[in-house]
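K.L.:
Listed here are the chains, written in short residue letters.
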Amino acid sequence: MLIIFYIASAVAVISTLLVIIQHNLVHALLYLVVSFLAVAMAFYVLGAPFIAALEVIIYAGAIVVLMIFVIMMLNLRQESIAQEKKWLNAQIVIGPVILVLVLAGELIYMVSTEASITLTDQVIGAKAVGMTLYGPYVIGVELSGILLMAGIVGAYHLGRQKKKVTHRFLEKQEE
Amino acid sequence: MNDLLWLIPALPFLGSIILILAGTRLSKKSVPLIGVGSVGVSALITLLIGYDFISSDTPPVIKQVLWNWIDVAGFSPSIALHLDSLSLVFIFVITFIGFLIHVYSSEFMVDDDGYARFFAYLNLFVGSMLILVLADNLLLLYFGWEGVGLCSYLLIGFWYQEEKNGYAARKAFIMTRVGDTAMAIGLFMIFKTFGTLNITDIQLQAPVMWEIGATEGTIIAFLLLGGAVGKSAQLPLQTWLPDAMAGPSPVSALIHAATMVTAGVYLITRMHVVFELAPTAQFVVGVIGSVTLLIAGFSALTQYDLKRVLAYSTISQLGYMFLALGVGAWSAAIFHFMIHAFFKALLFLAAGAVIMALHHEHDMFKMGGLRKKLPVIYWTFLIGAASLAALPLITAGFFSKDQILWLAWAGEKGNVWFFLVALSGAFITAVYTFRMVFLTFFGEEKSHVTHIPGSFINIPLIILAILSTLAGFIELPHSFGHFQLFTNFLNPLLPATTLQSEIESTEWMIQVSAAALSIGGTLLAYYLYVKRPSLHAQFKSAVPQLHNFLLHGWRFDSLYDWVFVKPFVYLAAINKNDFVDWPYNALVNVASFIHRMFAFTQSGILRWYLIGVVLGAILILTLGLML
Amino acid sequence: MILSGFILSFMIGGILAWMAALKNLVLARWISLITVCFNLFIVIILWVQHLQGDESQSAWILDFSLPWIPRFGIGFHLALDGLSLLMLLLTFFLGALSVLISWKEIQHQVGLYHFCLLWVLAGITGVFLAMDLFLFFFFWEVMLIPMFFLIIIWGHENSRYAAFKFFIFTQASGLLMLVAILGLYFVHANQTGTFTFDYFQLLGADIPSGAAMWLMLGFLAAFIVKLPVIPFHTWLPDAHSQAPTAGSLILAGLLLKTGAYGLLRFIVPLFRDQAVAIAPWAMAIGVFGIIYGAILAFSQTDLKRLVAYTSVSHMGFIMLGVFSFNMIATQGVVMQMITHGISTGALFILAGIIYERIHTRDITRMGGFWKSMPFLGTCGLIFAMASLGLPGLGNFVAEFLVLVGAWQATHKLTIIATIGLVAATIYSLRILQKVFYGNQSATHGLADLSFREKLVMIVLVVSLIWLGLFPQPVLNTSRPSVNVILETTASSDENGTRNPKIITIKQKRYTHE
Amino acid sequence: MTTIPAEYGLVLASVLFMLGLISLLIRRNIVFMLISVEIMLNAAGLAFIVAGAKWSQPDGQVMFLFILTMAAAEVSVGLALILQIYHQLKTLNSDEASKMKG
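Residue numbers (the working numbering), protein chains in the order written: chain A, 1 to 175; chain B, 1 to 627; chain C, 1 to 513; chain D, 1 to 102.
Hints were generated in silico from the structure; no laboratory data involved.
As the structure is a prediction and not an experimental result, all values here were calculated from the model.
Take these hints with a grain of salt, some might be off.
[As the list claims (entries may be wrong)] DSSO-like mimics (lysine-lysine), calculated; alpha carbons at most 27 Å apart, straight line: (1) B/LYS28 <-> C/LYS412; (2) B/LYS446 <-> B/LYS373; (3) C/LYS371 <-> C/LYS454; (4) D/LYS90 <-> A/LYS127; (5) C/LYS371 <-> B/LYS164; (6) B/LYS576 <-> B/LYS566; (7) C/LYS104 <-> C/LYS454; (8) A/LYS86 <-> D/LYS54; (9) D/LYS54 <-> A/LYS85; (10) B/LYS29 <-> C/LYS371; (11) C/LYS412 <-> B/LYS192; (12) B/LYS566 <-> B/LYS164; (13) D/LYS54 <-> A/LYS127; (14) D/LYS99 <-> A/LYS127; (15) B/LYS28 <-> C/LYS371; (16) B/LYS566 <-> C/LYS412.
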């Protein structure tokens, strides 16, 4: 099991790294799918098969597909890749990386100084999750519903193609 | 008959209100009908009441409470009138001369746009002045006091389109207001001391509460003197009066010669009980009077403007009245007030007629030879001038001034300095008076006469000329008939002046010397301005600084300008935007500086915010690890 | 019932006017005019009845009380005494005038304007009537917010700045008062166990003196900022000069009076010992304000700003009078509140009328208006004279009473205050000189007043002269209230605290017959 | 040796999170930034799963579900916004969309 976890971890980290250094959006998204799949693998190993399935379906499936649709709609050309290349240079990268490394160092230090606990290999299946979800967390489910509703309405409203979308900061108000 | 007392001030007020409300709609005929008529009826009622007053055996004191003005916790002045012999003299002068001047104005002002406005103000003035002298308490007196100040302001600035008239008016109001403020403080003190502002009560209580020279009484007397000095244009508040000549001539005659400026004399006479209890203050009254008398007399010698000569002369004559008050010659002061009202009104009116005839020419050196062209004015002016110069025996001015001279010498509170000042003043008066006469009416003609005055101007002049001559005979000195109608009339109210012992025999000497000096002054003026007209120009060029110094009224204006006006204006100008606002603005600036700093961090660039988030996270984690 | 009717009628009238303006602007104006005039009529009837009534009756004329939030001891408690009655008269009188003068001036958002106007009046009415401190604070805020909008929407070129300055000053000080009110509430509850905001119950509170000083300063902060007293006056010139004419009228005539009213109604009775303790300082800044305001008024070139500074100067008399603690001065303060409201309001109306004609408030660009507008000139003259305290006009009675009263308490300060009268003369005459004297500047099409403007002016002039010659009805109305206010001060005298200098004028009338 | 130490899972979550964060910081393209946010959310979810596994409780998974929901809603709205921004500004550069600066 541990081996599988290591492999999945390695794949996840490497593919994520590849995501962030890609110039081409579509390539990046493909690596992202790989990363999600690897994380799903890790979930499975950690005893959450239901979540692993959801990860594959929703993250790797729905969300990435949604992004691809959007990228299609954006109708990007070849020069956008050149643009990405120009933007992604060492000068820009170095500062954030140092900052994040500091942060990561602190985080990992904190995590690793804790007394080591090994996880049980007990599998928590969909049923247990469902019982909990509709038991103590039912109000959260309701709220999630409302959130999704708002998300749909918001997305619809924002995504509408008007002749000119008016915004008082962006453009002069048109009557 | 006495119940009609309230009508005397009420009628002019009524006239004024009608003229203000309906002024523009009335015709040129009906305006003077209301304006002159109201004062005329007032004068008539005054005569009737005066007749009653004189013919009754015991001089009555008429009181008429109209309504309760204010009544708060013992502070209860009413709107109440009080008529005694002193008020009677004043209301007689006010209504009667007022009436004559109104008649005169009905012709004098007829071509002016503000005809109705003029009469409205003039009526308002007469009403206020009557309130002043009829007031039963000091607060009502203060009412009239400020009311006449207002009218003076309005009438000096009557020709409002000339900006300098407005400034002259403003100066007059503010300077008199300075004195009024002192008087108001005096009123507070009086109320605190006596618990009332009723004049009769004060007169009764003062001798009970204070001994002679009591500090409180002296302070109150000084404060009242402050008010009197402002209104009567005495040192140090005299400088407004010459500038006040910017107003129309009838105004100068009525307000700035006959009535309003004598309000100070009235106040001191009215409160003579207080002044008698405060000998220091009374002495200062005399000193102020005598110094003013000389200063103004010298200034009058150098003026070019006909009306300014008369203005300085008024100040000087008021100085005589103050001198008389200072030596306790109450009735002499009032007598001089009355005679002065006659002849000075006459002089101003005549001067006004001259100025009108010469098409608003004020400069005496551009006049001359008017004797033939304007005979009525010449003769009346001459009579007035003779009275002012106190030519002996034939003029009223001689008798009134002589009484003051005599009492300044012989009165118990008089002394030789007062006397000498008054005597030299008489000489100067004669010189400048006849300088005026000779320059204006003698010599060759320099300006063209454009306007011959009509009968509405001439008749008041003639009446006043007669009064300036004959009115003197109601009061004759000891050595010359000893006929003291006026003093006796006032006597129960105003005590007779006690004389120094064994001095009466010298009275004739004083009269002779006064007469000699006034005749001498006249002759000197004749010599300088008719015989040898080039001589005075030589004097002028010999000492130009002195000449200018006197011409500008001893430079009091410049002094006040430097000491009060300039610092005030400077202070106001530098603080225009209010120092107090600075700390608040500083606060605002600090706040907006901080705002700008934080606004700078909101660059709109998303990655900046993310850096901020990361830095914050690092900070928090580091802190968490360190603690 | 009548009392809440006043407030409600303004609120409802405001909403009606707003709605009416959607259809017809003139109708909106008439609605607000009728609302105010109706209330004015009612309050005049009340006054006449009161004047005819028995002298010996209690100081309180009407009382109206409903529980509002009983668990916190908050009641909807309104009460009317002579002082409040006079203030209501002034409020409705000036309210009617402010509707009249904005008839032509306000041309956009007419409905909202009248809504704001009437709600300000409702707030002010509430402030003058509320006898529950919570309710008082509530109305204190109600009058603030519509006023803010009046300034910012219909104001002149710099109105945002002025409106915010006004709002921040009054709001900050109002919050201090809220803290003080709550402090008083809890102190009282600690002692008696009853939680109440009711004025009459709090009057009896025995506050420890250390706390009382702080509580009083909290109240004082709100009132002296509103009054305003140097150095908290700087919002006033800006707000006054930028507000529309009616706004300036209400600010000067009514809002400032709420500060003075608060001093009389709350500071003196609730914190008598502390008020006596700070009296010398309070009087000193009052007197300083008289002179300082006058000097600043002299230097202004903006006519409305000039008039605003004269308010600062005149309000100094109120400080001087309130802290003299005697009948004469306090009655003078009541008079001053009324006459200053009318005379300064009148000067603002004058400035507004001139502004409507020549579109500037700069007096250096005026001059010689007497020729083309003689009626306005006469009125301006009378208002300027009222402002400098000419006898025969209301302000004289007020200022003289204050000064006579203050003389009993302090000599030096009274002398300085009296010198302020000279300064008042200087600035008042400057107005006349610059506006009405001199040659007519430029060739403005200056029409003299219309009938509506004449009506407003005549009403103002008549009321000033009436107050100057017959002030006694006003003084009689306020006497019982002032007595009540001062009695509490007098009682501290017996406790051996500092002498508040109650003067009993000895009536020594000698009969001379 | 079939079980996994909890800190390994947490370290994996941290590394993924930090990678997402780096991407968020260095990228100007808004779509990339959105992807980065997804990575970070996913990493956070992983941490929850590890925690849930540690206590053998389903609550961690429930939390992941909520994060998932949130991510879905976020991505839909975010993408709509990206569309709008692209239409308005004709670029995906987030630095260009700086009209909100104070």
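K.L.:
All the hints need checking, so say for each whether the structure fits it.
P.N.:
Taking the hints in turn, this is what the structure says about them:
| no. | hint | in the structure |
| --- | --- | --- |
| 1 | B/LYS28 <-> C/LYS412 | violated (53 Å) |
| 2 | B/LYS446 <-> B/LYS373 | holds (12 Å) |
| 3 | C/LYS371 <-> C/LYS454 | holds (17 Å) |
| 4 | D/LYS90 <-> A/LYS127 | violated (48 Å) |
| 5 | C/LYS371 <-> B/LYS164 | holds (17 Å) |
| 6 | B/LYS576 <-> B/LYS566 | holds (15 Å) |
| 7 | C/LYS104 <-> C/LYS454 | holds (14 Å) |
| 8 | A/LYS86 <-> D/LYS54 | violated (45 Å) |
| 9 | D/LYS54 <-> A/LYS85 | violated (43 Å) |
| 10 | B/LYS29 <-> C/LYS371 | holds (22 Å) |
| 11 | C/LYS412 <-> B/LYS192 | holds (15 Å) |
| 12 | B/LYS566 <-> B/LYS164 | holds (18 Å) |
| 13 | D/LYS54 <-> A/LYS127 | holds (19 Å) |
| 14 | D/LYS99 <-> A/LYS127 | violated (49 Å) |
| 15 | B/LYS28 <-> C/LYS371 | holds (18 Å) |
| 16 | B/LYS566 <-> C/LYS412 | holds (26 Å) |
Taken one by one, the earlier hints fail for this structure at numbers 1, 4, 8, 9, 14, listed in ascending order.
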